[in-house]
Every structure is written in C-alpha cells, then in structure tokens.
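Protein chains in written order, with the working numbering: chain A, 1 to 343; chain B, 1 to 352.
The set of hints was computed from the structure by calculation and includes no laboratory data.
Just so you know, not all the hints are guaranteed correct.
[Claimed, not checked] Example chain B residues on the side facing chain A (calculated, C-beta under 10 Å, incomplete): (1) 209; (2) 270; (3) 276; (4) 327; (5) 328; (6) 331.
Beta carbons are placed, not taken as given, at the ideal position from N, Cα and C, and that holds for glycine.
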Amino acid sequence: MSNNGSSNSLVLKVEDLVLYFRTTKGVVQAVDHVDFELAKNRAVVIIGESGCGKSSLAKGILRLLPRNVHTYTGRVYLEGQEIMGLDEETFRMKIRWVKMSLVPQAAMNALNPVLRVSDQVAEALLIHYPNVSKREAIERVREMFRYVGVPDSFLHRYPFELSGGMRQRVAIAMAMITRPPLIILDEPTSALDVLTQANIMNVLKQIKWETGTSYILITHDVATSSELADDVAVMYAGQVVEMSDAASFFKEPLHPYAKMLMAAVPKLRGDDDLEFIPGQPPSLLNPPKGCRFADRCPYRMAQCEINPPMFRVGDRKVRCWLYEKDADGIYGTHPEPLEQAHV
Amino acid sequence: MSVQTQSAPAPAREGEQPLLSVRNLRVWYELKKWGFGHAGYVRAVDNVSFDLAQGEAIAIVGESGCGKSSLMKAILGLVRPYSGEILFEGKDIFAGGRAGLRWYRSQVGYVQQDPFGALPPFMSIRRILEEPLILGGVKNRKERLKRIREVLEEVKLSPPEDFLNKFPHMLSGGQQQRVVIARAMIRRPKLLVADEPVSMLDASVRVEILKLLRQIQADYNLAVIYITHDLSTVRYFSERIFVMYAGKLIEKAATDELLWHPRHPYTIALLNAISDPDASNAHKLREVPPGEPPSLVNPPPGCRFHPRCKAMIQGRCEVDEPPEFEPRPGHQVACWLYEAGDRIPPGWSEEA
Ligand SMILES: Nc1ncnc2c1ncn2[C@@H]1O[C@H](COP(=O)(O)OP(=O)(O)OP(=O)(O)O)[C@@H](O)[C@H]1O
Ligand SMILES: Nc1ncnc2c1ncn2[C@@H]1O[C@H](COP(=O)(O)OP(=O)(O)OP(=O)(O)O)[C@@H](O)[C@H]1O
Ligand code: SF4
Ligand SMILES: [Mg+2]
Ligand SMILES: [Mg+2]
Numbered sequence: 001m002s003n004n005g006s007s008n009s010l011v012l013k014v015e016d017l018v019l020y021f022r023t024t025k026g027v028v029q030a031v032d033h034v035d036f037e038l039a040k041n042r043a044v045v046i047i048g049e050s051g052c053g054k055s056s057l058a059k060g061i062l063r064l065l066p067r068n069v070h071t072y073t074g075r076v077y078l079e080g081q082e083i084m085g086l087d088e089e090t091f092r093m094k095i096r097w098v099k100m101s102l103v104p105q106a107a108m109n110a111l112n113p114v115l116r117v118s119d120q121v122a123e124a125l126l127i128h129y130p131n132v133s134k135r136e137a138i139e140r141v142r143e144m145f146r147y148v149g150v151p152d153s154f155l156h157r158y159p160f161e162l163s164g165g166m167r168q169r170v171a172i173a174m175a176m177i178t179r180p181p182l183i184i185l186d187e188p189t190s191a192l193d194v195l196t197q198a199n200i201m202n203v204l205k206q207i208k209w210e211t212g213t214s215y216i217l218i219t220h221d222v223a224t225s226s227e228l229a230d231d232v233a234v235m236y237a238g239q240v241v242e243m244s245d246a247a248s249f250f251k252e253p254l255h256p257y258a259k260m261l262m263a264a265v266p267k268l269r270g271d272d273d274l275e276f277i278p279g280q281p282p283s284l285l286n287p288p289k290g291c292r293f294a295d296r297c298p299y300r301m302a303q304c305e306i307n308p309p310m311f312r313v314g315d316r317k318v319r320c321w322l323y324e325k326d327a328d329g330i331y332g333t334h335p336e337p338l339e340q341a342h343v
Numbered sequence: 001m002s003v004q005t006q007s008a009p010a011p012a013r014e015g016e017q018p019l020l021s022v023r024n025l026r027v028w029y030e031l032k033k034w035g036f037g038h039a040g041y042v043r044a045v046d047n048v049s050f051d052l053a054q055g056e057a058i059a060i061v062g063e064s065g066c067g068k069s070s071l072m073k074a075i076l077g078l079v080r081p082y083s084g085e086i087l088f089e090g091k092d093i094f095a096g097g098r099a100g101l102r103w104y105r106s107q108v109g110y111v112q113q114d115p116f117g118a119l120p121p122f123m124s125i126r127r128i129l130e131e132p133l134i135l136g137g138v139k140n141r142k143e144r145l146k147r148i149r150e151v152l153e154e155v156k157l158s159p160p161e162d163f164l165n166k167f168p169h170m171l172s173g174g175q176q177q178r179v180v181i182a183r184a185m186i187r188r189p190k191l192l193v194a195d196e197p198v199s200m201l202d203a204s205v206r207v208e209i210l211k212l213l214r215q216i217q218a219d220y221n222l223a224v225i226y227i228t229h230d231l232s233t234v235r236y237f238s239e240r241i242f243v244m245y246a247g248k249l250i251e252k253a254a255t256d257e258l259l260w261h262p263r264h265p266y267t268i269a270l271l272n273a274i275s276d277p278d279a280s281n282a283h284k285l286r287e288v289p290p291g292e293p294p295s296l297v298n299p300p301p302g303c304r305f306h307p308r309c310k311a312m313i314q315g316r317c318e319v320d321e322p323p324e325f326e327p328r329p330g331h332q333v334a335c336w337l338y339e340a341g342d343r344i345p346p347g348w349s350e351e352a
C-alpha cells in the first residue's frame, strides 16, 4: 500500500512526517504523523484554523527548522528521491530553492529593506547557480517580474517603495527564479485586498498552466483556496483529517470538521445561514488520545475515544470512524495498532 | 440561532431624526515639507455624506488605504475634519467643546482594527472593563462590578467569574474579541463603530463574532457601522452597504440591492473578484481592473476610478467629477454612466 514514493506521476510524497517543538510548557505536537502526496502539475491546498500546524508542515517539508525541535522524523520523496536522509549541505545546494521553494507567510514584509528588489531576487539564483553571471541573473529577474506583473520600472526600487501587493509579487518571483518543480505558498494573499488577491491568484494559475509547476498552497481562507485547488487537504490539530480532490470536496466534504468549516464560509449571494463550530481546538501540548475533533463533533460515538486511521473511501481519504464501514482500506502509517480500534 | 439575511432597507426612516448625520465631510492630513512648510494634503476622506438611523447597521467597504479608518476616526471625534459636519442626534459633535465631546464619546462604542493589539496585556479583564466606567464617572465599585458582570454575559463570556481575573493572553482569539466588544458596550452606547472586527479571525470564529454583534444590535436597538474590506461577510450583517474608493463613497444601496444590482464599475470589479468556494474557480482567470488605487495627495481629476475603468466615457469621466445619481430607488451611485437613467453596466449580467 505505502510504496516508496517513486511513482513517476508524483512530485511529492510525505510519509509519516512528525515535527514536535520543545517549549517551557511541554512538547508541542505541531505535525503529527502526516501522510500525503501530490501529483505533478497539481496544486494541493492545505486548509485549517490558525495554529493547526500548516506552516510547521511546510517547514518540515523544506527542513526549515527552528532550534527548539523536539522530534523530526518521517520520509519525504521529491520526484521519487528520498530527501529527509540527505545531509544539510546537499539539501541546501540541491533541494531547497532548486527543487522546491517557499513563499513564506507574510513574505511581503520579509524582504530585506536595504536591498533593491532586483538584487534580492537575483541573489536566490546566484547562490544556487554560481555559473550564472550577475547580468544574466538580472535579465532573468526582469523576465520573472514580467511573469508576475511587476512593471519594469520597479526593478531597481527598494521594498518600501512598493505596495504590499507588488512586494508579494516580488516574493513569488523570488520563489520562481530557479524554476523549481514545486513551490510552497504559505498564505500568499491573506493580508491583501480582494482585487490584489484575485490578481495574484491569476498569476499563480498562469504559472501553473504554462510551466507545469506544482503547488502546495497553505491558507485559512477556504473560498480563495478554491481558486487554485486541484486537491484539498484539511488539517486539524496537527493532523491531516481529510484529503480529497477539489471537485468532490467543495461539493461535499467528508470529515465532520470539514463539513462544519465549510458551513462557516460566507457565500456572496447564497441563501444559507452561517454556522460556527462551538468550542475550540485542543491544545497541541497534550492532545486528546482519540479523535482530536471529538469534543466538538456532533456525530461523536464511543469508538471516537480511539485515534481513527486515515480511511480510504474511493479516491478520498478521511480520518473519521464514520467511514470505517465504507472504507476500501487504510492510507498511510497509523501510529497505533489497529486491533485496538475494534474493541 | 442563525443570522438572517437582511433585505429591508432602512435609510433614515420618514420623519425620524437620524441618529448620525455626516455632511460633506473632509478629512485631510497636511503634508509638511522639511517639517513645517506646507506640501499638500492627503485627502483621505473627501466630501462624504450619509445618514444613519437609530438601530440601523451599515457596512462601509473598500480597499486598504481608501480612507475607512479616517472616516471612522472623524465620526468618533478622534480627528478634526478639514471641513464638513458630523451631527449626533442633530447636534454638531464638536460644538460643545471638551465636555460635549466627552459626553458624545460615552454614546459611541468602538471596536478597533487589529483585535490582537487591542487589549493591554498586563491588565485583567476586570480592569480592562472597569476603566471606561471609572472614566465615565461611575464611582460606586459595586455598581461597576455589576455592570461588568452584565456585559460579560451579554457577550457570552459566562459565567463572568471565570473571566474576571484572567489576562488577555489566556483567552482564545475569539474570546479576546468578545472582551473588545464588551469594552465597547460597557457604557451602553447608542452607536457602535466596528473597524474590521473579524478580519483577523478564522472562519468559524468570525461567524461566531458576527452573530454576537448582530444579536447585540437587535437586543439593544444599537446602530452599527461595520467597516470591512470583505464584501462576502456584509450580507450577514448590515442593512445598507456603502462602497468607498479613494476617499469617496461611490455607491450606496440596501445590501441585497447592491449585491444583485451593483451599478458602479468599481463595485462590479470588487464583486467579480470575490470567490465562493467552488472547484471550477481553478480553471478560469478572474477579470481584475488594471492598476492600483490612486494617490490621495494628487487624485486623478474627474472620476477617481477613471484610469482603471473599462466603461470610462472619454471627454467626460476624466474631466468632470461625477455627482451622485439615483438610477434605482434608494440606490445612489457616483458614476457618469447613469446620467441619463438606469442601465445595466458593462461587465455585469443581471441574471448572474
Ligand atoms: N518554533 C516553535 N516553537 C514552539 N511552538 C511552535 C513553534 N512554531 C510553531 N509552534 C506552535 O505549533 C503550532 C502550529 O503552528 P503553525 O505555525 O504551524 O500553525 P499554522 O497552522 O501555520 O497557523 P497560522 O494559520 O496562524 O499561521 C502552534 O500551536 C504554534 O504555536
Ligand atoms: N495621520 C495621518 N497622516 C497622514 N496620512 C494619513 C494619516 N492617517 C492615514 N493617512 C493616510 O490616509 C489614507 C487613508 O488611510 P486609512 O487608514 O483611513 O485607510 P483604511 O481604508 O482604513 O485602510 P486599511 O484598510 O488599510 O485600514 C492612507 O493613504 C493613509 O496613508
Ligand atoms: S464615472 Fe466613468 S470612469 Fe468613473 S466609474 Fe463611472 S464610467 Fe468609470
Ligand atoms: Mg502559518
Ligand atoms: Mg483601516
């Protein structure tokens, strides 16, 4: 069932990824046994509430780790190659930015204020390709800026001279300049106005259609996520609780959390009332042993005391006991022996 | 309980004095050259007028920097207008001097932008709520505590005992925002101004807070000005929508009227840019007007939207500033397309 991830059509396969942080209050289980895969030239969106572990998952995949890491285990296959086992130097020179790059959360505020934007973007290329000349690099920047819609006249400006939307485009150009097959976008439009947001989504779509790039798009904005989504992964309290293709997901989410989340998303002209999810997500310091959504779940049963595995339902996957009987099997690695589940 | 969609427009009811009247309001910030010489103005709010009825909820929608917060600050008496008037129950809020302003501010609650920076971290919830009462001259400690308990119940932080001695960081984002609302409500205002009260919150918490505000509004017949850049939430909250662009209110209509029959090209651009969650979105590009909002120091002549407008009428829109037309009853729009009456604007299909 769980193969070695070398299947040709996959750009990324993540197996049993765990990323815990050490804090004075205890261990934060930010990414807890996550499995997922992404086919070439597709976009998966990862949605979930603030603090559920979305950015941590991105950091885990890109190995951008803070110093207080407690546990970091699992396997990550990029275009079939296992990359968790690579040493730091190889990872930095051959993988990060070359094969997959990141547009970090709040990227537009993370540009270096004292460097011209052209130089900053060129830098990303020059570091990884020492043979490229400075002039060639700037030409490439010019080309990327055209792609993402930054006017030529902005090339040699400083970040503070650009609007938030323009700076965000610069950050996207920076992630694209090495032409990596996979780009991870962490909340790329959250702080932006709707028109700018729509503009940037257009840019991302065009890049995907024209260059065959794959995306992981992280966001808590469910409506906007549909602008790019081929697949949807829903995270809740450090776990992925549903993975579906976008068409099925937006028509009918499976996991009770995903259903309730969708019921809270306003529709411009729909007639349905909005509903909210009572209660709060559990602490990641000491998450519940069973289903992490159980406390807030209207469908809760006795079985939910036990952590559900990811059930395969057709092509979809869902971490919820309601789907046990319809399941075709189990996806990914399950940390607990499953027999427990049938007591 | 669920939020009902609003359809009934409530522009200042016949014969009734509006609670708040804003007349030709301008908020201009002076730009100084070398610290003293005059170098022009930032025209953040430029000739804005509207009435707000008792108990009515309106939304002011517009992009970052269009002047929403400046308009709010003037309404709260926090910045002096460059010109124009703000009348509360018929009286100019600046006419009564400091004492008059102090009384006025007790009538107006304020939920400020950025909920996470809004609460002082080293104050307990009780102190946060007690302060406005002390400033408001409520001398009796017991009375203050009674009101604090009451208001915590109103915002559904109950039992109040569980929250009184907590500090902001011990609360979730949604709970913190309830405290901010409680603080705005504690002196029982007639008008509540909420500047982006939910934009930083997760979808579910956002709904929870909007429902709470709606409930409070109904229970206390409170007038509310809801400021947001997010058109998708306004339908659940307000009776009328005002769209703001580059310092001006360019379209005003009842909520459903505006969402179904928008008239200003800018409003249409905003509506066309908003996604409902739908998998087909990923397969098409969205139409977005070119460019960015103009500088408020040297705004374009004529209609401020004309450089980005695909319906722009040569010789008209870039020359003369459009006045407010009323193509449909109760629906005002500052756009030359409606000089000769109503029409369906380009880029919009009425059967959408
Ligand atoms: N370096 C760290 N040390 C300790 N805890 C951390 C660290 N980074 C993140 N966390 C915690 O891990 C959890 C997941 O955080 P993460 O940033 O991944 O969430 P997120 O889903 O990206 O949230 P948001 O939508 O707010 O960006 C949170 O509880 C967070 O406080
Ligand atoms: N005190 C000030 N002095 C000079 N200019 C100011 C001042 N306050 C605001 N401005 C300018 O006035 C314009 C309107 O700002 P305002 O804060 O009212 O916008 P906004 O619509 O609330 O934006 P946002 O959605 O980003 O909060 C902006 O160009 C801003 O830079
Ligand atoms: S007045 Fe002219 S330029 Fe302005 S929005 Fe209307 S049509 Fe467009
Ligand atoms: Mg994050
Ligand atoms: Mg503002």
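Worksheet item: Any hints this thing doesn't respect? Which numbers, in order?
Response: Of the numbered hints, 4, 5, 6 do not hold.
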